[in-house]
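Trainee: This is what each chain is made of:
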Amino acid sequence: MSGGMLTLRAWRDPILVAISLVALWQVLHEIAGDSAVTAPAPTLAHLWEMIGQARFLPHLRETSLAFLQALAIACGGGVLIGVVLGGHKLTGEVAEPILVALYSVPKITLYPVILLLFGLGMPAKVAFGALHGIIPVVLFTMNAVRNVNRTYLRAGRAMRLTPAQTGWYVLVPATLPEIFSGLRIGFSLTLLGTMLGELFASQRGLGFLLMTAIDLHDVKTILSIAVLISIFAIAANAALLAIDKHLHRGAAPEVSGKP
Amino acid sequence: MIAGAPRLAAVGDEAAYKIHARLEGVTRVYPPRAGHAEVHALGPISFDLRAGEFFSVVGPSGCGKSTLLDVLAGLAVPSAGTVEFEGKPVHGEVPDGVGVVFQEDASFPWLTVEDNVAFGLRRAGVDAAESKRRVDFAVAFMGLRDFSRAYPSQLSGGMRQRVCIARTLVMQPRLILLDEPFGALDQQTRLLMGDELLRLWRETSATVLLITHALDEANLLSDRIGVMSARPGRFLDIVETGWPRDRDSRLAERADFGAVTSRLWSYLRGESLRALGQGTAAR
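Going down the list, the protein sequences come from chains C and S. Per this note's numbering, residue 1 is the first one in the first sequence, and the count goes up by one each step. Per this note's numbering, residue 1001 is the first one in the second sequence, and the count goes up by one each step.
Next comes chain C alone, as it looks inside the complex (with noise of 0.2 Å):
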């Protein structure tokens, strides 16, 4: 397979995703008016010139660094639970019902209760986006590590390989395609989360800027922290995607059956 076809495969879905984005936003912006929906053409002007103000890095900084240390917790935490989950059956037999039941409870709900646990600040937003993210990449990972196709362990024995090579030569990259396709769907819950978490009660972020211009009825500020909050996603979206099409590589089409 080239690089080039893969690039151009992997990036072609997100462009014509974004052009459709814009063309809907115009549609809406005739529909709607200027105290709704303003038109693409200044707002991302107005985003252009908001990017380059001195006041507005802190708060991108605040959120990314929100972002990045709940998107650490969510996959660091989620692989090792995952983990020790799906190697220890009886333990992730009992535990998958209660993860299944808690990914399904609406996190929002909880804020409260987070905000009185960490307090108004930067804690309260990691918390909370970890708290979104982390368990799909244990359900994941818990899934990856118990379906390992026990012929891969017993080729590995039949191949004299220490316990830490069957780890890392067999079990890593055995799991790894489906562990990773957790961690996507982990990143994008926790930007969520995150984004969330700054809407309530924070004090700094995007989030905040958004809240302050919803008061203020600014609608060109609140487009362009959307469409800015927007290409990110789907940019890191497109990217982990190509990385997960990349691992899935060997995955089989389909199982060749027995006669």
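Calculated from the structure, these hints are not laboratory results. Zero decoy hints are in this set.
Pair by pair, the computed Cβ-Cβ distance ranges are:
hint: 1; chain 1: S; residue 1: 1202; chain 2: C; residue 2: 163; range: 35 to 41 Å
hint: 2; chain 1: S; residue 1: 1192; chain 2: C; residue 2: 13; range: 41 to 47 Å
hint: 3; chain 1: S; residue 1: 1266; chain 2: C; residue 2: 147; range: 41 to 47 Å
hint: 4; chain 1: C; residue 1: 151; chain 2: S; residue 2: 1080; range: 24 to 30 Å
hint: 5; chain 1: S; residue 1: 1156; chain 2: C; residue 2: 13; range: 30 to 36 Å
hint: 6; chain 1: S; residue 1: 1145; chain 2: C; residue 2: 18; range: 44 to 50 Å
hint: 7; chain 1: S; residue 1: 1146; chain 2: C; residue 2: 151; range: 24 to 30 Å
hint: 8; chain 1: S; residue 1: 1127; chain 2: C; residue 2: 151; range: 25 to 31 Å
hint: 9; chain 1: C; residue 1: 172; chain 2: S; residue 2: 1146; range: 28 to 34 Å
hint: 10; chain 1: C; residue 1: 48; chain 2: S; residue 2: 1145; range: 55 to 61 Å
Covered by chain C, according to a simulated footprint, are these stretches of chain S (three or more residues, beta-carbon under 8 Å):
hint: 11; segment: 1090-1099
hint: 12; segment: 1102-1108
hint: 13; segment: 1119-1133
Glycine included, C-beta positions come from ideal geometry on N, C-alpha and C.
For chain C, the structure is supplied; the task is to place chain S on it using the hints.
Mentor: Just chain S now, with coordinates in the frame of chain C:
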């Protein structure tokens, strides 16, 4: 290329055979588990594998053929009895010099054909030049040269099984254990793979033990065929075929070929019916 076990003397002279592996009174019993009674899967079974021979094991489904291979390979521990390979006891660990090819596709999907084949050599710390020499040979030997940079998902089931055989071959095993390696392949591919297996066996001088459910395949490939009973599996008989060493699938045209298959079937018909009955009773 491959250091072989010494070649053998004339057929019929028991004392002249060098014993390569030995099973003595081996049984395997699976302890009872929630809702299931204890299962006596295998044995007691005793037999000697002669150095350099091609030995097949046939038997009704569920008779413990694969368990026999696992025990011999050191992948499973016998409940009673002893297993020896080259005079040393085998117990829960695959000995150096033994190669195993599984029924299921065991090629690693994240590695190319070449890297799959080189996998065991790299882990064993064989130096790069020697490793490359052996991998090139094995890849060519198994007819995979045009696919050395392909991933297993791009190959057919037969090709993937060849990757697994090549991966075992590069380790230069003196005893090759094959657990129904062609079970998932179509009949034509099976015949061709059988020929390749014979060629591999002749050129490496390794001892081969093949588990199969195909009587023709066992007949065609083997010097001796162990016929197993329904569970718990024991040898009903060990049939000597007496085929020449440089045989291939055209052997099936010989007049006396059918007689051996018939003999195997005469043993197995009753056992297979019994096995079928066990299955019905278990259900």
